[in-house]
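> Given next are the chains, with one letter for each unit.
Protein chains: 4
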Amino acid sequence: MKKQVRICMIGAGRVGRNHSNAITRHVAQGKIVALVDPMESVRAETATDFGIEYSFDTLEQALDKVEFDAVVITTPTPTHLPIAALAAEHGKHVFLEKPMALNLAECDAIMAAVEKYKVLLQVGFMRRFTPEFVAAAERIEAGEIGTPMMVKSNTHGPGLPPLWARDLRTSNGMLAEVNSHDWDTTRWFMGSDYLRVYTEVANFKGAANNPDIPHFYDNVLVNLKFESGGLGLISGVCPCGYGYDARAEVIGEKGIIQVGSLNGQAVVVCTNRDQGLITPITRTWPERFIWGYIYELEHFVNCIQTETTPKAGGVEGRWAVAGVLAGTKSFLEERPVYLKEILGG
Amino acid sequence: MKKQVRICMIGAGRVGRNHSNAITRHVAQGKIVALVDPMESVRAETATDFGIEYSFDTLEQALDKVEFDAVVITTPTPTHLPIAALAAEHGKHVFLEKPMALNLAECDAIMAAVEKYKVLLQVGFMRRFTPEFVAAAERIEAGEIGTPMMVKSNTHGPGLPPLWARDLRTSNGMLAEVNSHDWDTTRWFMGSDYLRVYTEVANFKGAANNPDIPHFYDNVLVNLKFESGGLGLISGVCPCGYGYDARAEVIGEKGIIQVGSLNGQAVVVCTNRDQGLITPITRTWPERFIWGYIYELEHFVNCIQTETTPKAGGVEGRWAVAGVLAGTKSFLEERPVYLKEILGG
Amino acid sequence: MKKQVRICMIGAGRVGRNHSNAITRHVAQGKIVALVDPMESVRAETATDFGIEYSFDTLEQALDKVEFDAVVITTPTPTHLPIAALAAEHGKHVFLEKPMALNLAECDAIMAAVEKYKVLLQVGFMRRFTPEFVAAAERIEAGEIGTPMMVKSNTHGPGLPPLWARDLRTSNGMLAEVNSHDWDTTRWFMGSDYLRVYTEVANFKGAANNPDIPHFYDNVLVNLKFESGGLGLISGVCPCGYGYDARAEVIGEKGIIQVGSLNGQAVVVCTNRDQGLITPITRTWPERFIWGYIYELEHFVNCIQTETTPKAGGVEGRWAVAGVLAGTKSFLEERPVYLKEILGG
Amino acid sequence: MKKQVRICMIGAGRVGRNHSNAITRHVAQGKIVALVDPMESVRAETATDFGIEYSFDTLEQALDKVEFDAVVITTPTPTHLPIAALAAEHGKHVFLEKPMALNLAECDAIMAAVEKYKVLLQVGFMRRFTPEFVAAAERIEAGEIGTPMMVKSNTHGPGLPPLWARDLRTSNGMLAEVNSHDWDTTRWFMGSDYLRVYTEVANFKGAANNPDIPHFYDNVLVNLKFESGGLGLISGVCPCGYGYDARAEVIGEKGIIQVGSLNGQAVVVCTNRDQGLITPITRTWPERFIWGYIYELEHFVNCIQTETTPKAGGVEGRWAVAGVLAGTKSFLEERPVYLKEILGG
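If you're matching them up, the sequences are chains B, A, U and X in order.
Numbered by numbering that gives the first Met the number 0, the letters in the first sequence go through residues 0 to 344 in order.
Numbered by numbering that gives the first Met the number 0, the letters in the second sequence go through residues 0 to 344 in order.
Numbered by numbering that gives the first Met the number 0, the letters in the third sequence go through residues 0 to 344 in order.
Numbered by numbering that gives the first Met the number 0, the letters in the fourth sequence go through residues 0 to 344 in order.
Don't take every hint at face value.
[To be verified] Partner residues aside, some chain X positions facing chain A, computed with beta carbon under 10 Å:
#1 Thr78
#2 Ile82
#3 Arg246
#4 Thr270
[Claimed, not checked] Here are the simulated DSS-like cross-link-like pairs (lysine-lysine), alpha carbons at most 25 Å apart as the crow flies:
#5 Lys64(U) <-> Lys2(B)
#6 Lys2(A) <-> Lys1(X)
#7 Lys2(X) <-> Lys1(A)
#8 Lys2(X) <-> Lys64(A)
#9 Lys30(X) <-> Lys64(X)
#10 Lys204(A) <-> Lys253(U)
#11 Lys64(B) <-> Lys1(U)
#12 Lys310(A) <-> Lys328(A)
#13 Lys253(X) <-> Lys1(A)
#14 Lys1(B) <-> Lys64(U)
#15 Lys328(B) <-> Lys328(X)
#16 Lys1(X) <-> Lys64(A)
#17 Lys30(U) <-> Lys1(B)
#18 Lys1(B) <-> Lys117(B)
#19 Lys30(B) <-> Lys30(U)
#20 Lys30(B) <-> Lys1(U)
#21 Lys30(B) <-> Lys253(U)
#22 Lys310(B) <-> Lys117(B)
#23 Lys253(X) <-> Lys204(B)
#24 Lys2(U) <-> Lys2(B)
#25 Lys2(A) <-> Lys2(X)
[Claimed, not checked] Quick look at which bits of chain B chain X covers, simulated, 3 or more residues with Cβ under 8 Å:
#26 226 to 237
#27 247 to 257
#28 330 to 339
Simulated from the structure, these hints should not be mistaken for lab results.
All C-beta atoms, glycine included, are put in the ideal place defined by N, C-alpha and C.
One chain only, chain B, in its complex shape (with noise of 0.2 Å):
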């Protein structure tokens, strides 16, 4: 029998809960043995509802006090780096929410910190063990759709993230908190490195929910051109209200692929001819994503218990960072950005 893998939560906010919830309810090969987050309500709270025996404001006093093999990082975007590096100089594999940084510095940072202590690293695309998508890819890979020509992903959630996480001074907005996981299902599914960015963005809400942060958008749409020649579109509505949606679709020389549905259950239901069918809709991401954060956390649990190489690591999760300062710069100076302005070299 494997040895149970000891994590350490970090982070008791909404992500910080769903992944709780899918390790101490459905991942049995691992255990949430501490949890760390600064505000002690919300932590006390988490630690009650998921049965977490130790919790702490600092990831230092649960690495002082208990024992344990990993964390998983679901704080700030802007705190991913200094606790990365921390808990990898301490040993501890790092599993780590998207975006994986602010910048490609950070990036590297983090990158090598793992490589120096050699921990296992671990970015949170829960998209790349989503079984619609996994199958999608493997599909793609074998030929199916022939060559891949366009690819389009979208990620339209029903809520604002939070505030830092929609100001650019603090963030990099929702082209990086929300349509993260697009950046690195295109380029997965593309199998190509982006060429070229193009990036519209609209203010429709932001008089009512962001009456002083500049450069503020609630839908965005980026035209991608890929190195292979291909081309590709994630679009952005948040917040959207209607219902969590993420959906993708490959269009090859051969065929055309698509990936996951509105629909949020196999109930259909109708009592008024003049209304139509309803049918649930995805109504939140923990709902949508469920079976991707059970297999990625179980994945990150394996790896561990077998020292292998996570599947999606710190190159996809810098690759999807650089996408986001292309994309960010295109709507900020008008004209498309070519990845070798971002990427230097």
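With chain B's structure known, arrange chains A, U and X on it following the hints.
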């Protein structure tokens, strides 16, 4: 150029209006030259709406005054035999709505008349002309799903049929007036005749709708055993309120085929994530089978132009009547009924 | 923190492996500490695959050597009573696969044993824990579609059950081994007990599969009349080859609710316009009901942790057995059978 | 009774045949009395197939020999202006296929001619007559999804257009010949004019298909910014091989609306659980928009009968041409292009 077929429409009620609309707008090779209905106001409205030049109380008058090639009979079932026989006697081709007649003797008399006067007879089984039903039948006949083992067909309709059509003293009730199509479809898809029938009925809304009708039912489930050994199911609900619902499913030794869906239109709307996705349902039978009606009437017209025997004729109509009689006897006597009890011989 | 529930898995066959996988990977609050199966090679493979520490020929040996809280019984139906009774006698909570037993006397004996020894009993009706079935039941109970008038439930499975499970001399055949869930689901959704049952069966592949089994059937359609006046349908096809197909539909006075679909995954592919769109189908029952299995076993474990009565117990199991017995008598005697003939009283 | 409208069909190619079929079979209020096409064999076949009495090399000949009320122009784009102007001059109403013309000056000349001679002009935007598109537009206009924020529209077609239609030296290429409808649909659904356009194109199959065509592309993604602030996307793939794929999606402040689907027919087949479910896809544009073609031509005929201005006229046609010109300029110059650069003023 072929000569446009001149039609006398008999019956200006719901079905008469539906067929007049189909011919006047979308069957360019036919033309309604006369309308017959004893109710003057109904007749006048229908004649005006569809630009029909002549209208009469009786078929006799129409025969006397106007030249035409064919009749389309949409009047109540008990009138089918006398009208069809009179039309045939005058050399008019006959399109006859389902159910063909009240009993097998009437069916036989209609078939004898059209044979004697060498006119064409088509029975209004429009599912045999509805593209998805036709495609399914062709795939079954081509052996795609192997020998059919089980067939299911349902018709659930939103509104009550007219009083005469739900009273066993004046018609054969819902099994005939609503589910005639299912009798025909199950036999068509199974490629075999019924051997034995067992029927359960229920009456949920009868107290409100039909206080004085004995044996009224608004739900019916018929269990069929075919000569081939296959099984069948007919399901009827009327009034069901939620829309017009007509689907079928066949399971063969090698696979399954499903025909139809509740979706009425390729539109999906969501404005409330707690409610979910909304898709129009087919509200009414004219919508649901719009192509079936156009194609069956175009087929009738083309058969006349080319002197060809129509695809759905007296034999099909008679079998459906036989099934209805067996199904009704079954629930009245609470036992399985063999078709040979109905067919004799 | 709640204490993890220690489980002895009884049966290392298909169902035993499925449940072992569910618990070992995804029910973190339970732990399989022992495995019982008389076939050593099967047992060894399952124990290895799921990291189960101890394994034994018999439950007696397990009881003697290992401490545990509960058994999960996945062995053939005829063994259910002796194993369940022995476990109960030793104070172990009992999770029992469907069908509960071969006859009502065995059901009664199991219920008496768990009552006497004050242990919990759950019967493996995982549809009662499958999200879309649960959602449908809640919507029906909330009155969304009004009083249920008609309920349809089908289970069509791709592979033949083991020989004992399709022979009426050693089991109750397909109606029990495949369609037990449909008996339970129709009764659950209708909110009423069966009054009368009529069954038609067909044998299409028997000559190839089962030359020597009397009364073998591979297709079954059951027509149900409920105490409430409602109608029901159970459909079974096994082996059907095309996938694992389990759906339900309920029509109430105010509307319709459909549960389940053939679609196995939100992926659509098209590479040939003459063939059309391809969508994965659910291939197997473990895939189809993956959440049902996880949630029913998590429910069992949580009930033990919190000393709560499980939702699907002996009463539900016994009713399904009664339905099976009536349905079987019906096709053997070619007549509708009242439940009172089976239940006596 | 209204007088049947007499039509001269100009062009006996793919679109001419499609419209001849629609009128001859399903637009009973119209009648094709003459066919014009300079290629005699094509003309003869079309005339025979649809029973058209007279056919000619040129419109001049038809005007000279036959009486008619209107022309339906389906010839290549460069011929639109001279033919439309000649027809108008002779008092014939004009139905003109999309794209309206090659440039804005031609559009203006056509609009001036129909105005001068007081004839009706309809441009062939059949999506404006396709039931699901109409229903969506009505729901958007009724405010159901709030102010539109983002609109997406795609046309992916299976076959290459004729050579002239994909060469920028003789047409405006795919953006015009395939995606004209998307220009119109996005503007219609957004309820606003284009402000700015950015286009990326790709050429995957050009080497095989078009060795000598400069700037050939078979994939295009257009990013639109509307005057309203809204965003838009047009996607084109041609040839795509997998079917005829035309869908749209609009996200408003309050919700989402999706229009169209890949499903071609309500038939689902499964015979191999490893392959999965098979559903017919729409194979061709005549199938996909069969109702759009019937209804737009019926609308044209009814407008003539009732002296009403058609819904999709010169203004709509001209805007689509302006969008095409901006989109083409964008990919040639690799920058966003403002509509004011095209429209002047």
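> With reference to the structure, classify each hint as holding or not holding.
Consistency of the hints with the structure:
no.	hint	result
1	Thr78	violated, 28 Å
2	Ile82	violated, 25 Å
3	Arg246	holds, 8 Å
4	Thr270	holds, 3 Å
5	Lys64(U) <-> Lys2(B)	holds, 23 Å
6	Lys2(A) <-> Lys1(X)	holds, 20 Å
7	Lys2(X) <-> Lys1(A)	holds, 20 Å
8	Lys2(X) <-> Lys64(A)	holds, 23 Å
9	Lys30(X) <-> Lys64(X)	holds, 16 Å
10	Lys204(A) <-> Lys253(U)	holds, 11 Å
11	Lys64(B) <-> Lys1(U)	holds, 22 Å
12	Lys310(A) <-> Lys328(A)	violated, 29 Å
13	Lys253(X) <-> Lys1(A)	violated, 54 Å
14	Lys1(B) <-> Lys64(U)	holds, 22 Å
15	Lys328(B) <-> Lys328(X)	holds, 23 Å
16	Lys1(X) <-> Lys64(A)	holds, 22 Å
17	Lys30(U) <-> Lys1(B)	holds, 13 Å
18	Lys1(B) <-> Lys117(B)	holds, 21 Å
19	Lys30(B) <-> Lys30(U)	holds, 13 Å
20	Lys30(B) <-> Lys1(U)	holds, 13 Å
21	Lys30(B) <-> Lys253(U)	violated, 48 Å
22	Lys310(B) <-> Lys117(B)	holds, 16 Å
23	Lys253(X) <-> Lys204(B)	holds, 11 Å
24	Lys2(U) <-> Lys2(B)	holds, 18 Å
25	Lys2(A) <-> Lys2(X)	holds, 18 Å
26	226 to 237	holds (count 7)
27	247 to 257	holds (count 6)
28	330 to 339	holds (count 3)
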